[in-house]
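S.K.: Sequence:
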Amino acid sequence: MNAIASCENRLASLPKKFSWTPLTPLHLTWAGMMLGLFWKWTFFLLADRIYEAIPVQHNFFPVWLQSATVLRVAFLAAAISIVAAWITEQRSRRCFAAAVTWLSATVMIWHQGSYNDMTFVTFWWCSLWAFWYTTRLEMDSPEELGRKASRLSRVIVSVVLLGGAAGKWTAEYWSGDVLWEIYFLDRDFWVFNLLRSNFETETLRSIATFYSRKVVLVETVAGLVVWLLPARWAAIIGAVVFTSIALFSNFMLFSVLSPLIGLSLAGWLPRPRVTAVNVPASDTPVTAGVSG
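Using this note's numbering, you'd call the opening residue of the sequence shown number 1 and step up by one each time.
Careful: at least some of the hints might be erroneous.
[Unchecked claim] Think about it this way: if two alpha-carbon atoms lie no more than 20 Å apart in a straight line, the pair counts; the simulated DMTMM-like pairs of lysine to aspartate or glutamate are:
id	residue 1	residue 2
1	Lys168	Glu181
2	Lys214	Glu202
3	Lys148	Glu138
4	Lys168	Asp117
5	Lys214	Asp177
For the record, the hints were derived by calculation from the structure and aren't laboratory data.
Please read all numbers here as calculations on a predicted model, not as lab measurements.
Starting from the given sequences, assemble the full structure and let the hints guide the process.
M.R.: Next up, the structure:
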């Protein structure tokens, strides 16, 4: 008996299995968003110094959206507000922090110095989803909120994929010319270094065409299909597609794709729990013994 009790105590002391809670989708999305900002930090500092040293003025943007200070404040406010939203336990403060994140992201996609950076575009979509989610917590039941959040995350992932595919349905991409010049000629990256070391130029050019068409088709098909799939399949496919794009193209793309990876995983719904039905003792059937 002592040995059995000892084993039970050891099992009880082991870490508990990860369990899904209504806050889990938010945490997954915020983790992806923070990773994207962290991945962007070195490039952001370089771009900030250049932007400060060589001022660019364009009449399309108001003065405050040309200011380097405004862009810095928006970037830092986005990062700080995510942390604040994560650690607070009060609903009103969490909603306020999520709103600050979304407003900061809005400034960054409007600002002259960052409007054309896809990192802030994907960050904006995820911050919008996170803000919506925080406003629905404690208003919808966990099951209903999970279904709504999963569906909305799939729609956003599909919109982003289709947006990327739409820009690539051109003769230059279909022929492979664009990716040939960007990646295959001289890009110092493990995939392209490996290909250049093993194939002649003519074969490499054919591979570039195949690679480019594969990118266009994968983004198009995934964008059309992912929002129709069951939640778990969509979460896995979305995360795999976004991760593979960075792994096989450019690690810097993780700044763009990390928020989308987190948002894809946020759409993972837990399996329904099967609970035993409590049966009153009086209703419990009794098996009678048979005497021989």
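S.K.: With reference to the structure, classify each hint as holding or not holding.
M.R.: Tested hints:
1. Lys168 - Glu181: Holds, because 15 Å separates the two Cα atoms, which is no more than 20 Å.
2. Lys214 - Glu202: 19 Å, holds
3. Lys148 - Glu138: Distance ~14 Å between Lys148 and Glu138 Cα, so the pair holds.
4. Lys168 - Asp117: Answer holds: Lys168 to Asp117 is near 17 Å, not above 20 Å.
5. Lys214 - Asp177: Within the cut-off at roughly 14 Å; holds.
In this structure, none of the earlier numbered hints is contradicted; all agree with it.
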